[in-house]
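Going line by line, the protein sequences match chains A, B, C and D. The numbering of the first sequence is our numbering, which starts it at -19 and goes up by one. The numbering of the second sequence is our numbering, which starts it at -19 and goes up by one. The numbering of the third sequence is our numbering, which starts it at -19 and goes up by one. The numbering of the fourth sequence is our numbering, which starts it at -19 and goes up by one.
Hints may contain errors.
Stated by the list, open to error - For lysine-lysine, the following BS3-like pairs were computed, each having C-alpha atoms within a straight-line distance of at most 25 Å:
1. K50(B) x K0(B)
2. K93(B) x K67(A)
3. K(-9)(C) x K0(D)
4. K67(A) x K67(B)
5. K16(B) x K(-9)(A)
6. K47(B) x K16(B)
7. K0(A) x K93(A)
8. K88(C) x K2(C)
9. K67(C) x K88(C)
10. K42(C) x K16(C)
11. K0(D) x K93(D)
12. K0(D) x K67(A)
13. K67(B) x K93(C)
14. K67(C) x K67(B)
15. K16(D) x K93(A)
16. K0(D) x K67(D)
17. K42(C) x K2(C)
18. K16(C) x K(-9)(B)
19. K16(C) x K113(C)
20. K93(D) x K67(C)
21. K16(A) x K(-9)(D)
22. K113(A) x K47(A)
23. K0(D) x K67(C)
24. K113(C) x K50(C)
25. K88(B) x K50(B)
No lab work stands behind these hints, which were simulated from the structure alone.
The residues making up each chain are set out below.
4 protein chains.
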Amino acid sequence: TATSKFVTDAKIFAPYSIYKGKAALSAGPLMPTFNKLESGGFRIERRGAIMLTFWPAIGERKYDWDKRQKFALSTTEIGSLISLGSKDSCEFFHDPSMQSSNAGQVRKSLSIKAHADGSGYFISLNVVNNIQKTNDRFVVPVTTAEFAVLRTAFTFALPHILGWDQYANQLPQNVN
Amino acid sequence: TATSKFVTDAKIFAPYSIYKGKAALSAGPLMPTFNKLESGGFRIERRGAIMLTFWPAIGERKYDWDKRQKFALSTTEIGSLISLGSKDSCEFFHDPSMQSSNAGQVRKSLSIKAHADGSGYFISLNVVNNIQKTNDRFVVPVTTAEFAVLRTAFTFALPHILGWDQYANQLPQNVN
Amino acid sequence: TATSKFVTDAKIFAPYSIYKGKAALSAGPLMPTFNKLESGGFRIERRGAIMLTFWPAIGERKYDWDKRQKFALSTTEIGSLISLGSKDSCEFFHDPSMQSSNAGQVRKSLSIKAHADGSGYFISLNVVNNIQKTNDRFVVPVTTAEFAVLRTAFTFALPHILGWDQYANQLPQNVN
Amino acid sequence: TATSKFVTDAKIFAPYSIYKGKAALSAGPLMPTFNKLESGGFRIERRGAIMLTFWPAIGERKYDWDKRQKFALSTTEIGSLISLGSKDSCEFFHDPSMQSSNAGQVRKSLSIKAHADGSGYFISLNVVNNIQKTNDRFVVPVTTAEFAVLRTAFTFALPHILGWDQYANQLPQNVN
Chain A
-19 TATSKFVTDA KIFAPYSIYK GKAALSAGPL MPTFNKLESG GFRIERRGAI MLTFWPAIGE
41 RKYDWDKRQK FALSTTEIGS LISLGSKDSC EFFHDPSMQS SNAGQVRKSL SIKAHADGSG
101 YFISLNVVNN IQKTNDRFVV PVTTAEFAVL RTAFTFALPH ILGWDQYANQ LPQNVN
Chain B
-19 TATSKFVTDA KIFAPYSIYK GKAALSAGPL MPTFNKLESG GFRIERRGAI MLTFWPAIGE
41 RKYDWDKRQK FALSTTEIGS LISLGSKDSC EFFHDPSMQS SNAGQVRKSL SIKAHADGSG
101 YFISLNVVNN IQKTNDRFVV PVTTAEFAVL RTAFTFALPH ILGWDQYANQ LPQNVN
Chain C
-19 TATSKFVTDA KIFAPYSIYK GKAALSAGPL MPTFNKLESG GFRIERRGAI MLTFWPAIGE
41 RKYDWDKRQK FALSTTEIGS LISLGSKDSC EFFHDPSMQS SNAGQVRKSL SIKAHADGSG
101 YFISLNVVNN IQKTNDRFVV PVTTAEFAVL RTAFTFALPH ILGWDQYANQ LPQNVN
Chain D
-19 TATSKFVTDA KIFAPYSIYK GKAALSAGPL MPTFNKLESG GFRIERRGAI MLTFWPAIGE
41 RKYDWDKRQK FALSTTEIGS LISLGSKDSC EFFHDPSMQS SNAGQVRKSL SIKAHADGSG
101 YFISLNVVNN IQKTNDRFVV PVTTAEFAVL RTAFTFALPH ILGWDQYANQ LPQNVN
């Protein structure tokens, strides 16, 4: 009656998605990567993130996935989001080409703005691409209940994104 | 590079149950299902839920399980419940036959109403069945302590219901 | 470099202990037990608990373990404790011989009383034993920081005590 | 009846690091150690901790790891930190040579002081070494978002540091 569960490299697709009138928003975690050390240990190489994806509505309950734009929340940005009060707002700026010759050509800004009555937030992504001469803007109104799902899921994911769950994979018989 | 963990495929029955004067209420999680992709990955097929079951008292400490009614809380409804303030209330409506020819014939509504003094909630389920000409109503008063158990258990279960715990089943040696 | 971790029946001893002037207090979880069903599933048989143990000081940094008294917090009592505000108090009563011929002969009461200034709590256990004609009383002052450890550890343990972590031991490939 | 899960014995390096103008701060968990008992059980031998490491800036985005100083937060100090209000402060004192002949020669103090406007904290480590005649002081301003990462990661780590996650490594078929 016992079967085996393989901890593999198989990719998992289980985003939490919110579909609203003008756009949809989905969120899912990206796990960190580790390097194996000569000592046999493992050192984190790249921290994980929460990947947010926005894509526009093009009709009733129809959305255009090809027009999606992404924004990867860093650990500190996740910390900002999960500690947001019901009247608070925050905004993050990313340049996907930072430290390359295209620096400054694409600017992404994510804003989370509380409704005046504390009943939820507007989550908006703005992407200005000076190379392609495009300016995409997505606005997804998120209810308090939906934000509670995001906060709970992000709080769960954060230690995994930092790689701290790996510390716990230890034997009880460390000593003797 | 694949590491195995044995788990049982077997069904688990571990509901949290609250027995009160007129009815009993139990809550337990339903896990999501996944599809295996040709790429070897896994895509969530159906999200999980928290299944609430109500059944009536028919005497002192006697309850009639055959008269039970169910209500499956979605992820967003779970988010609403776990973020409920001590003076807040909420209500959800389900039509189990939605998008079938019987749409509208059975209406279920779950209401969570804070006591005026903040000492707990009334959790009520109303099921109107126009086909069977029945109208079932269950009311279970829940103390602050019992609600804290529900909130803590639901907060624990939510990432599993979303399937996000699967992201964490990864080896530390992702990168060479 | 990979070694195996056995999930065994081996008992774990890792209580969180607080030593104060007149008594010491330790807390540790008791896991639930399950019955195997003919269907191959598992049904919870006995819920877990948090076992509190008090034992008296008999000198400077000396405590008498032989004079210990225990109090097993139920899931709902844990819910009460983890939702306690910084000015709140609560009290629980147990009769270890309930529903036996000795009912009422031993009465245990646990009280958690906030300091007036919100800087912590007094956790007290009183055990009146009419058979042995004894009356034991233990009082352990607990700081806000120590109570935060208890609250965090109890919140972590609660889903395990309910048996809900077992729901999560499932394969990602439920479907196909 | 024993089910195996493979885990690596290997050391994990995944600190959460904050780089600021005058110093950097990193935090990572130390897991507890257990002794195997003759009965086959396991008793915790040494509780875990959160190791904080501070090291000074020596130029723009340049830090001197050789000048690092460490401070190991105990479980109760972690409890203090994760329950800190946005206007609160706390301070801890350690003597790494306590109960040795060098007692009192090295004094370490860690202070966490809220910004007056509630926008974050100063985390400072002061190490006075009377043997080496040195006095090192590190100050790292931490934003609310960064502190939320620390709080979330520490809350996740605390039950592991106590060894309570080991209680959960049990089979569902405890009984029968």
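Right, here's what the structure says about each hint:
no., hint, in the structure
1, K50(B) x K0(B), "holds (17 Å)"
2, K93(B) x K67(A), "holds (24 Å)"
3, K(-9)(C) x K0(D), "violated (45 Å)"
4, K67(A) x K67(B), "holds (18 Å)"
5, K16(B) x K(-9)(A), "holds (10 Å)"
6, K47(B) x K16(B), "violated (38 Å)"
7, K0(A) x K93(A), "holds (16 Å)"
8, K88(C) x K2(C), "holds (19 Å)"
9, K67(C) x K88(C), "holds (24 Å)"
10, K42(C) x K16(C), "violated (45 Å)"
11, K0(D) x K93(D), "holds (16 Å)"
12, K0(D) x K67(A), "violated (29 Å)"
13, K67(B) x K93(C), "holds (24 Å)"
14, K67(C) x K67(B), "holds (18 Å)"
15, K16(D) x K93(A), "violated (53 Å)"
16, K0(D) x K67(D), "holds (22 Å)"
17, K42(C) x K2(C), "holds (10 Å)"
18, K16(C) x K(-9)(B), "holds (10 Å)"
19, K16(C) x K113(C), "violated (43 Å)"
20, K93(D) x K67(C), "holds (24 Å)"
21, K16(A) x K(-9)(D), "holds (10 Å)"
22, K113(A) x K47(A), "holds (15 Å)"
23, K0(D) x K67(C), "violated (38 Å)"
24, K113(C) x K50(C), "holds (18 Å)"
25, K88(B) x K50(B), "holds (9 Å)"
In this structure, the hints that do not hold are numbers 3, 6, 10, 12, 15, 19 and 23, in rising order.
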